[in-house]
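*Asks:* These are the residues of each chain, in order.
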Amino acid sequence: MFELLGIPPQALFGQLLLGLINGSFYALLSLGLAVIFGLLNIINFAHGALYMMGAFVAWMLLNYLGIGYWPALILAPLAVGIFGMVIERLMIARLYHLDHLYGLLLTFGLALIIQGLFRNEYGISGLPYQIPTQLAGGQNLGFMFLPNYRAWVVVASLLVCFGTWFMIEKTRLGALLRAATENPALVGAFGINVPRLITLTYGFGVALAAFAGVLAAPIYSVNPNMGADLIIVVFAVVVIGGMGSILGSIVTGFGLGLVEGLTRVFYPEGSAVVIFVIMAIVLLVKPAGLFGRAA
Amino acid sequence: MTFSRFALPLGALLLAGAAHAQDIRIGVLNDRSGIYADLAGQGSVVAAQMAVEDFGAEEKGINVSIVSADHQNRPDVASTIARQWYDEQGVDVIVDVPTSSAALAVSDITREKNRIFLDSGAGTTELTGEQCSPNTIHWTYDTYALANGTGGAMVEQGGTSWFFITADYAFGHSLEEETIAVVEAAGGEVLGTVRHPFPGTDFSSFLLQAQSSGADVIGLANAGGDTINTVKQAAEFGITQAGQDLAGLLIFITDIHALGLETAQGLVLTEAFYWDLNDDTRAWSQRFAERHGGAMPTMVHAGVYSSVLHYLKAVEATGTKEAEAVMAEMKATPTEDPLFGKGEVRADGRKIHDMYLFRVKSPDQSEGPWDYYETIATIPAERAFRPMEEGGCPLVE
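Protein chains in written order, with our numbering: chain S, 1 to 295; chain W, 1001 to 1397.
Hint data in this document are derived by calculation from the structure and do not stem from the laboratory. Only true hints are included.
Here are some of the chain S residues that sit facing chain W, going by a computed Cβ distance under 8 angstroms:
id, residue
1, Gly14
2, Ser125
3, Pro128
4, Ile131
5, Gly138
6, Met144
7, Tyr149
8, Ile219
9, Pro268
10, Ser271
As the structure is a computational prediction, the values presented were derived from the model and not from experiment. Idealized CB from N, CA, C, for every residue including glycine.
All chains, full assembly: derive it from the sequences and hints.
*Replies:* Here it is, written out as structure tokens:
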């Protein structure tokens, strides 16, 4: 059997597959950020907290109401999305005419408050959430044991990412959204309710985060800090992909998952920083990001 | 009637003297918001209060007050609070302090201010090794005791080849190093190690490397959320089902609670205390849980209780709170309490007691909430901790 840089190919395939799985989370989360930034010009620092809320809502549905994983996959994003829309209406909407920085500060503050409240109520160790029985177990692929649930995560993430891209780039609704951000006054003159459109968009971006949270609940620990740990990496993904670029966030999300996976094999100590190294290089060479248009 | 005429003023005099000398202020310094908030946090304050009440401080004329603060697991924050407590708030003794770097900082300041530090939450053996202090007692556990318990006992049970998944910072490295020494001394071998960034989220990649090594035992030299996620993902990737054992080198009952038995079953770990050991521990833990939102105590909470109790006994016996006298008394008198039974404080400041090797029960074996452990082995106090002469503590001749 041949070896690649001292690593047997089986191990390499396994690690690439794992990278793809992590990439699914990066892609889903950075997609939500890109949608919100691209269409609302808000740097949504509360994204990690809303992702965490998605996981917690799934946990609450199960433990307080006996509602399982599959309904939660729809209900939790819906609930968190509505929560997001309320926040948008009550607070974020007041900041659209100000600099980006104000939106960033507000959402950062919101993230701290949400995390603090959950920490007070549920502690820090995290809560158990089991993998749904239909997806328990896994397949032996020869080079690795692939848990069914992880395969589902990749499929679900790809479907949602593609659907979102299609909706924004290829449908009339998406065209309206893009037009509304280019020139809200003109679109409003055609009889479109622009503020409502924007609220719904924010709600949708937030729902994507919550969806990722529900997907993550069975494999990562459901704890108040789960979003805070991930959000910095996701921001790096968005910057590399190009702020606000839908396609960019999806492709870089999966791509960086792969790069990180490879680093874990060849130089595990560096796997936490590799994404930031790439970010620094991209910012130097192509400041608008790989898929971004220069402002 | 001559007797009472004498006794009354004498009693009053003694009481007045006691009240004057014994105004004690205890500072519970720990993590109240981060990764160690559940295993220490408010529970340690509850444990300290229970110690004061069970000791009957008020009836004995000792007026105890308790203050608490969040050190956020940062040595700089811990130092600032410790100084402030000693200089401005008249704190006599600081207890708990998880996170090794913070504990070492507090130990230094305590020595400088000549007060007393009773550590329960931290793991580093440095506290009773080269950086030992005449003002510090390390109460509950240390990384040596954990490595020794889990490493030694696993090899004895046939887990001879090991692979380590290690958190890439000082704590993880030293835990890994200590366990490797124990494993090799017991006749086992180490097939490999992998270092993961701290803190991490996804461990599947490292678990796969551990799996392909074919080792009998995968040692987890990490802590808190990292350990939880590693165990969770090991179950997901079918690693324990395929016959490899997972050994948690620093894992607490609150972590098992978070994991759930379905995921954590079969995990082997070492602790100094478990609520369901005997009638005494059950009774105490029940009282604790009633005051702490239903959560059972961790060994860190138990250590805070036990250390505060022993400290108050020493204050009563010496009639002073002067550090040197109280420390001498605490080291001279054997410890005894309902949680750890009999024990002693060694010259290097190490408090020793039995340690226990537990295996996490399966959901079928568990009879109710918090019924998590079965005892595999009891490691007697004299073998559980690092021998005094190996620590390099200058206090030991």
